[in-house]
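A.B. asks: Kindly generate the complete structure, drawing on both the sequences and the hints.
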Amino acid sequence: MSLRRFNELRAEEVVYAVQRQDRTFLPAEHHCPLCPTRPGQPPTEIPFPSYEIVVFDNLFPAFEAPAGAAEVVVYTDDHHGSFAALAPERAEALMWVWRQRYEELAARADIAYVLIFENRGVEVGTTLHHPHGQIYGFPFVPPVAGLELDADVRLGGCASCTLLGRELEAGDRVVLANDAVVAYVPFAARWPYETHVVLREHRPSLGGCTAAELAALASALQAVTRGYDRLFARPFPYVMVLHQAPTDGRLAGHLHVEFYPPLRTASKLKYLAGSEQGAGTFLMDVMPEDSARALREAIADA
Amino acid sequence: MHPPVPECSYTSAMPSSPPPLPPERPPATEQPERFGPLVLRRLVKDDGRALILFSRAEDGGER
Chain P
6 MSLRRFNELR AEEVVYAVQR QDRTFLPAEH HCPLCPTRPG QPPTEIPFPS YEIVVFDNLF
66 PAFEAPAGAA EVVVYTDDHH GSFAALAPER AEALMWVWRQ RYEELAARAD IAYVLIFENR
126 GVEVGTTLHH PHGQIYGFPF VPPVAGLELD ADVRLGGCAS CTLLGRELEA GDRVVLANDA
186 VVAYVPFAAR WPYETHVVLR EHRPSLGGCT AAELAALASA LQAVTRGYDR LFARPFPYVM
246 VLHQAPTDGR LAGHLHVEFY PPLRTASKLK YLAGSEQGAG TFLMDVMPED SARALREAIA
306 DA
Chain S
20 MHPPVPECSY TSAMPSSPPP LPPERPPATE QPERFGPLVL RRLVKDDGRA LILFSRAEDG
80 GER
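Note that the protein sequences, when read in sequence, are chains P and S. Counting in the working numbering, the first sequence runs from 6 upward without gaps. Counting in the working numbering, the second sequence runs from 20 upward without gaps.
One should not assume that every hint holds.
Derived CB-CB ranges, DEER-like [claimed, not checked]:
| # | chain 1 | residue 1 | chain 2 | residue 2 | range |
| --- | --- | --- | --- | --- | --- |
| 1 | P | 47 | S | 51 | 23 to 29 Å |
| 2 | S | 63 | P | 290 | 46 to 52 Å |
| 3 | P | 16 | S | 63 | 35 to 41 Å |
| 4 | P | 84 | S | 65 | 21 to 27 Å |
| 5 | P | 6 | S | 65 | 17 to 23 Å |
| 6 | S | 51 | P | 156 | 38 to 44 Å |
| 7 | P | 28 | S | 63 | 39 to 45 Å |
These are computed hints drawn from the structure, not numbers from a lab. Note that CB positions come from ideal geometry on N, CA and C, so glycine has one too.
C.D. replies: This is the structure we're talking about:
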């Protein structure tokens, strides 16, 4: 069971999940716990010879009932795939899986916020190469979600709607747009190729989206991740996070997906160092307009 | 029109409260369920953890 301690100086919760210290770490492919269980071979986490998409309780949970949840979402039984490489219909199905898990976890009294995310690449701490994401059901509203709600108050309405309007008006940071979704490098990006993928309509969560919007979201997310891989002609590490409404009863939030990629060049990482960690101020080596231009071209070429 | 924005204070929204009541987990079932275009099957692993198999419905499902 995880423990929570409140860090007074940072005004934030810290979660101690010491059971995660021994979690599986970059196993060889033939020991991958997310691959199907093949005849005559030891069982993996998924006791079937093939599957489409699977969700299961994390063996090494950061949160667990009755104070949250931690789930693994396996996108495909192909060990060598990626989110970007999924067939479009599989990516669209994943949107519905995310929606189903959001709605089911949101209904639980012990969960105040549902965080759906993917860590891709050892640079951001992935411990299993098999294409997968995770879901944390937080028993509290975490700081980033809280800051977004504060931004709504500060801007006098939905912050995401306001910022989307500004980005569309400026135009030079937009990297992709379709009927339902716009992707852009934000005005004050904190990572060199940070990208936000935002629903045009105000939808607090996946649960409020139409089928067409879910399809458009899947398409946009895949286009961005393919563009990332194209950008430096290498698998592009990123943290991908869905931002949705808290599930503690507040009617706030605007569904969008944020990418935090750590690369600033093909071989150099952006580190969180003295200014970022000690002062809370990000220092950037590239202007968002320049990275948006490069990413826009990469998406078009991918 | 945007919905009204509730007042929010991050610090006041995060009490270190005791754990709430245990959640209710949908039971494992042999009968597949439908969710939009998906079919899902709920299972329980040997160690008690939940596992859900998702697949696309052959008829495309209701959306």
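A.B. asks: Compare the structure with each hint and give your call.
C.D. replies: Comparing the hints with the structure gives:
no.	hint	result
1	47(P) - 51(S): 23 to 29 Å	28 Å, holds
2	63(S) - 290(P): 46 to 52 Å	50 Å, holds
3	16(P) - 63(S): 35 to 41 Å	40 Å, holds
4	84(P) - 65(S): 21 to 27 Å	23 Å, holds
5	6(P) - 65(S): 17 to 23 Å	21 Å, holds
6	51(S) - 156(P): 38 to 44 Å	42 Å, holds
7	28(P) - 63(S): 39 to 45 Å	21 Å, violated
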